[in-house]
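Guided by the hints, dock chains Y, L, G, R, E, D, C, F and Z onto chain P, whose structure is given.
10 protein chains.
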Amino acid sequence: MTKPSKQLKTFPNPKKDRDYEINFDCPEFTYLCPMTGQPDFATIKIHCIPDKLCVELKSLELYLWSYRDEGVFHEDVTNRILDDLMKAIDPKFIEVTGDYYVRSGIRTVVNTKYEKSK
Amino acid sequence: MTKPSKQLKTFPNPKKDRDYEINFDCPEFTYLCPMTGQPDFATIKIHCIPDKLCVELKSLELYLWSYRDEGVFHEDVTNRILDDLMKAIDPKFIEVTGDYYVRSGIRTVVNTKYEKSK
Amino acid sequence: MTKPSKQLKTFPNPKKDRDYEINFDCPEFTYLCPMTGQPDFATIKIHCIPDKLCVELKSLELYLWSYRDEGVFHEDVTNRILDDLMKAIDPKFIEVTGDYYVRSGIRTVVNTKYEKSK
Amino acid sequence: MTKPSKQLKTFPNPKKDRDYEINFDCPEFTYLCPMTGQPDFATIKIHCIPDKLCVELKSLELYLWSYRDEGVFHEDVTNRILDDLMKAIDPKFIEVTGDYYVRSGIRTVVNTKYEKSK
Amino acid sequence: MTKPSKQLKTFPNPKKDRDYEINFDCPEFTYLCPMTGQPDFATIKIHCIPDKLCVELKSLELYLWSYRDEGVFHEDVTNRILDDLMKAIDPKFIEVTGDYYVRSGIRTVVNTKYEKSK
Amino acid sequence: MTKPSKQLKTFPNPKKDRDYEINFDCPEFTYLCPMTGQPDFATIKIHCIPDKLCVELKSLELYLWSYRDEGVFHEDVTNRILDDLMKAIDPKFIEVTGDYYVRSGIRTVVNTKYEKSK
Amino acid sequence: MTKPSKQLKTFPNPKKDRDYEINFDCPEFTYLCPMTGQPDFATIKIHCIPDKLCVELKSLELYLWSYRDEGVFHEDVTNRILDDLMKAIDPKFIEVTGDYYVRSGIRTVVNTKYEKSK
Amino acid sequence: MTKPSKQLKTFPNPKKDRDYEINFDCPEFTYLCPMTGQPDFATIKIHCIPDKLCVELKSLELYLWSYRDEGVFHEDVTNRILDDLMKAIDPKFIEVTGDYYVRSGIRTVVNTKYEKSK
Amino acid sequence: MTKPSKQLKTFPNPKKDRDYEINFDCPEFTYLCPMTGQPDFATIKIHCIPDKLCVELKSLELYLWSYRDEGVFHEDVTNRILDDLMKAIDPKFIEVTGDYYVRSGIRTVVNTKYEKSK
Amino acid sequence: MTKPSKQLKTFPNPKKDRDYEINFDCPEFTYLCPMTGQPDFATIKIHCIPDKLCVELKSLELYLWSYRDEGVFHEDVTNRILDDLMKAIDPKFIEVTGDYYVRSGIRTVVNTKYEKSK
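Residue numbers (our numbering), protein chains in the order written: chain P, 1 to 118; chain Y, 1001 to 1118; chain L, 2001 to 2118; chain G, 3001 to 3118; chain R, 4001 to 4118; chain E, 5001 to 5118; chain D, 6001 to 6118; chain C, 7001 to 7118; chain F, 8001 to 8118; chain Z, 9001 to 9118.
The following block holds chain P by itself, in its conformation from the complex:
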C-alpha cells in the first residue's frame, strides 16, 4: 500500500549526454502551520535539468504527501524541497517555487534555485 515518505526514488537519466528540461507543477501540497498547527496549502513548481538521475513521479507525490502532518515555515519548506531534490538527483540546475494560500491576510510566494558549477 502507498504511504507518504521522505524517500525520493530515482531512475537513471535516460539521456545523460544531452541537457534537457523537466517541469513539475504540483498544485496539491498541504502541511501544518508551525505556529498554530492548522493546515496550510500551496502550489509547488519544480524546474530542473537532470544530470545522472531523474526523480520518479510517484515518489515525488509521496514525498509531498509526507509534509501533511508536519509544521513548517514557508521559507523553510521551499528550501527543504530544493535540498532534498538536490540530494536525491544532484541535478545540473533546479528551481523550486512555492505559492502559498492567504494567511494573516497575506499571500506569500517563495522562489529558490541552484545551479551546479561547471
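It is possible that part of the hints are untrue.
Non-contacting residues of chain R with respect to chain G, defined by C-beta distances greater than 10 Å in every case (computed) [unchecked claim]:
| id | residue |
| --- | --- |
| 1 | Asp4069 |
| 2 | Thr4108 |
| 3 | Lys4113 |
Result set (DSS-like, lysine-lysine): computed pairs, CA atoms no more than 25 Å apart in a straight line [claimed, not checked]:
| id | chain 1 | residue 1 | chain 2 | residue 2 |
| --- | --- | --- | --- | --- |
| 4 | L | Lys2015 | G | Lys3015 |
| 5 | Y | Lys1045 | D | Lys6045 |
| 6 | E | Lys5116 | R | Lys4118 |
| 7 | F | Lys8016 | C | Lys7006 |
Think of the hints as simulated: they come from the structure by calculation, not from any bench.
None of these values were measured; they are calculated from a predicted model.
We treat Cβ as the ideally placed atom computed from N, Cα and C, and that holds for glycine.
For chains Y, L, G, R, E, D, C, F and Z alone, coordinates are given in the frame of chain P:
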C-alpha cells in the same frame, strides 16, 4: 491576545547559504490621512532576498495593522515600511510597492527599494 | 472636522413621484473580528429604491467608517447596515451585499434585502 | 459660436409610425458637487423610444455642457436629465443611467426611467 | 463597372417553406452629417427572416455605398435602410441596428425592426 | 481512393430510446460564388438530435467536399445541407449555421433549423 | 473652501536619501478647446522620482481643476503640466502622458518627460 | 463651412526645446480603390516627435477627408500621408501605419516611417 | 471574367527611396493533399519590404486561388509562394508563413524567408 | 491498411538551399505508464529546421501511434522522439516538447533539443 505592533518579529533564515526570493502580497492595509484624519486604504507588495533573518508572517500582519490609527502620507508610509523591514531583517534586497485607493480623483502608486552593497 | 458617525444624514428625495434605483459600491469597509479583535475587510454593495428620503453620500462614508473599531460578525454587520439604512430613509426597496475577505481560508458573501409592502 | 444651453433642440421623428430604440452613450459629463463646489464626473447613458420628436445630438452635447458650472446631487441630476428629455421630446419610453466617479470612496450608479401609458 | 445604387437586387428565396435567419454585418458604412456636411461612419447590422425574396449581397454593398454623399440623420438612415429592405424583399421579420462613431462626444446606437403580421 | 460525394452514409443510432445531442464544427468548407465563379469560404456548424440514424463522419467530410466546384448562394447552400441531412437521417431536430467570410465588405451568417413534429 | 489653483503645494520628500517612484493616475481632467471654446476631456498620468520635494495630492487635484475654464491645445497643456511640476518640485525625473478623448474622429495621446542631469 | 482639404494647418510647437511624442489614432479613413472605383476603408495611426511645428487636429481630419473621392493604392496612400505630414511639419520623427479592411479575402497593413538625421 | 492564375501582377513601388513594410493576411487558402487528393486548408501570412515593385492585391488573390486543384506538400507550397513572390517583385525582404489545418491529428506551421544582400 | 510503425518516412527537402522552420503540434499522443500499465496522455510539439530530408506527416502520425501499447517514462519518451527524428531526417535543428497530463497530482513538461554543429 494579538495586538497591533510596530515590532517586526524575525526568525533565522533557514537557508543562509543560498540567495532566494520572498514575495508578500498584502491587500488589507488601512491608515489615516494626515490632512483630514479619514481612513485611507492600499495594497502593499513586498519583494525581498533575505540575509540572516526572515520576517515572521503573523508579525508582518500586526505591523501593517499598527498603522490603522496613524496619520501618514503615501510617500512616507511606503518608505517607512521599507525602513522598518530593513532594520528588522537587514536583507540583501528589498522592494515595497504601495497601491493607494482613489483620493481627490487620483490613484497613487509608490515604489521604493534597497539593495545591500556587496 | 469629519468624524465617524452612526448618524446617517438624509436629504429629501428630489423625485418622489417616480421609482428609480440607486446603487452604491463601497470597497473601503473595515471593522474588527469579534472573536480575535483583529481587523476584517469587505466590500459593501447597496441597492435601493428611495421613498421620501435619500442617504447623503458623505454621511454614508462616515457611517461605514464608524465600524472601524467595532467587533461584529459578518452576518450581523450586513444586516445592521440594512437596518440602519431602513431606519434612516425608509426606502421602498433596499438590498445590502457584503463580500468579505478570506478568513480561515474561506471567503464569505452575505446578501440581505427588504421590500416595503405596497 | 456654440454655447452651453439647457434648451434641447428637437427634430420631427423621421419614422413616427414605427417604434424603434435610440441609445446615447455620453462619457463626457461633469458638474459641481453641491456640498463642496468641486468638480464631479460621470458617464450618462440614455435609452429611448421616440414618439413625435427626436433630440438633436449637438444640442444634447450643449445640454450636458450646461451642467458644467452647476451644483447638483447625483440623484437629482439623473432625474433632471430624464425630466428635461421628457419635456423636450415627450417620448414613449426613456431611461437615464448616471455612472458617477468614486467620491468618499464610493462609486454611485443611479437609474431612472419613464414609460408613457398607452 | 460597379456604381452605387439605391436599387436593391433580389433573388427568389431558395427555401420558401421554412423560416430561417440571415445576418449581415456591415462595418463599412459612411455618409454625411446633414448639419455640417462632414463624413460620418457607422457599422450596420441586419437580421432578417426572408419570405419570398432574398437580398443579393453585392447589391447590398452598392446600396450602402449609395449613402456616401448623402446627408442623413442617424435615426432617419437606420429606418430608411429598414424601409428599403422591406420594400425590396418584404420579409417576415427584419431588424436593422446602426452603431454610429462618436460625434459631439456621444456614441449613438439606433435599433429598429419590423415583423409581418401572420 | 476517397472522392467527393453528395451521398451521406449513415449507421443505426446506437441509443434510440434516449434523446441526445450531436454537434459538428466544420471550419473547412469552400465552394464557388454563383455570380463571379470565385472561391468562397465558410465555417459550417451542425447541431442535431438523431432519431433512428446517425450520419457517418467521413461521409460528411466527402459531402462538404462535394461543394468545392459548385456555384451556390449562402442562403441556398445552408438550407441544402439541412435538407440533405434531413433526407439522410430524418432526425428529431437539426440546425445548420453557415458563417461566411467577408465578401463585398459584409460578413454573412445564415441559420436554419427543423424540428420533427411529435 | 477649496478652490482651483495653479499653485502646486509641496511637502519635504520624506526620504531624500533614496530614489523611489511616484505614479499618479488622474482620469478627471477637463478644459476648453482653444478653437471652439467647447469642453475637452483627458486622462493625465504622472510618473516621477522626487528630489527634495513631493507634490501634495489635494493641491494636484486643485491644479488640474484650474484648467477647467482655460482654452489650451493638447500638446501645450501636456507640456505645461510637466513644466509646472518641474518648477514646483524640481524632481530627478518626471513624465506626463495625456490621453485625450476623440475629437474630429481622432484620439490623441501626448507623452513628454524630463530627466535632471546628474 | 468646413471642407476637405489637402492643406495641413500647423501651429508653432509650444515646447520646442524638449523632445516629446504625439500619437493620433484615426479609425475614420475612406477612399476609393484605383482599380474598381469602389470605397475602401482603413484605420490610420500616426506617431511623431515634432520639431518646430505641430499639425492642427481639425486640419488633419479635413486632410484625411480629402481622400474620400480619390483612387489610391494602399502602399501609395500610406506613404503620401507620411510625405504630406513631413512637408507640413518637418518633424524629428514620424511613422504612419495603415490597417486596411479585407479586400479580395486579404487584410493588408502598411507601415512607413522617417527619422530626421541629427 | 476573373480566373485563377500563377501570374502575379505588379505595379511600380510608389515610394522607392524609402524602406517600408507591407503585411498581407490571407485566411482563404486551399489546395489538395498530394498523397490522398483531398482538400487541405491554411492561412498564409506575407511580410515584405518592397524594392522596385509591389504585388497587386487582386492578382495575389488569383495566385492563391491557382493552388485550389493542385496537389502540394506543406513545406513545398510555403517555399513556392516565397519563390514566386521573389521572382515577381524581387523584394528587399520577404517572409511567408503557412499555418496548416489539422491533418493526421497534427497542426503544421511552416515559416520561410529571404533577405536581399545589400 | 494503415498500421502503427516506428518507421518514420521522409521525402527530400523541397528547398535545400534555404533555412526555414517547420512546427508540428500533436495533441493526440498516448502510451502506457511503465509502473502501472495504465494509459498516459500528452501533447507533443516538434520544431525543426530541415537539412536534406523532411518527415512525412502521415508517417509521423503512425510513429506517434506506435507508442500506444508501450510502457515508457516521460523523460525517456521525449528524448526517444528526438533521437528517432534525428536519425530519420538528420535536421539542422530540432526541439521536442512533451506536455504530460496530470499524474499523481502533478503535471510534467519535458523539453529537449539538438543543433547540428556548423
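Hint-by-hint comparison with the structure:
no.: 1; hint: Asp4069; verdict: holds, 19 Å
no.: 2; hint: Thr4108; verdict: violated, 6 Å
no.: 3; hint: Lys4113; verdict: violated, 7 Å
no.: 4; hint: L:Lys2015 with G:Lys3015; verdict: violated, 32 Å
no.: 5; hint: Y:Lys1045 with D:Lys6045; verdict: holds, 21 Å
no.: 6; hint: E:Lys5116 with R:Lys4118; verdict: holds, 22 Å
no.: 7; hint: F:Lys8016 with C:Lys7006; verdict: holds, 23 Å
Against the hints set out earlier in the document, violations occur for numbers 2, 3 and 4.
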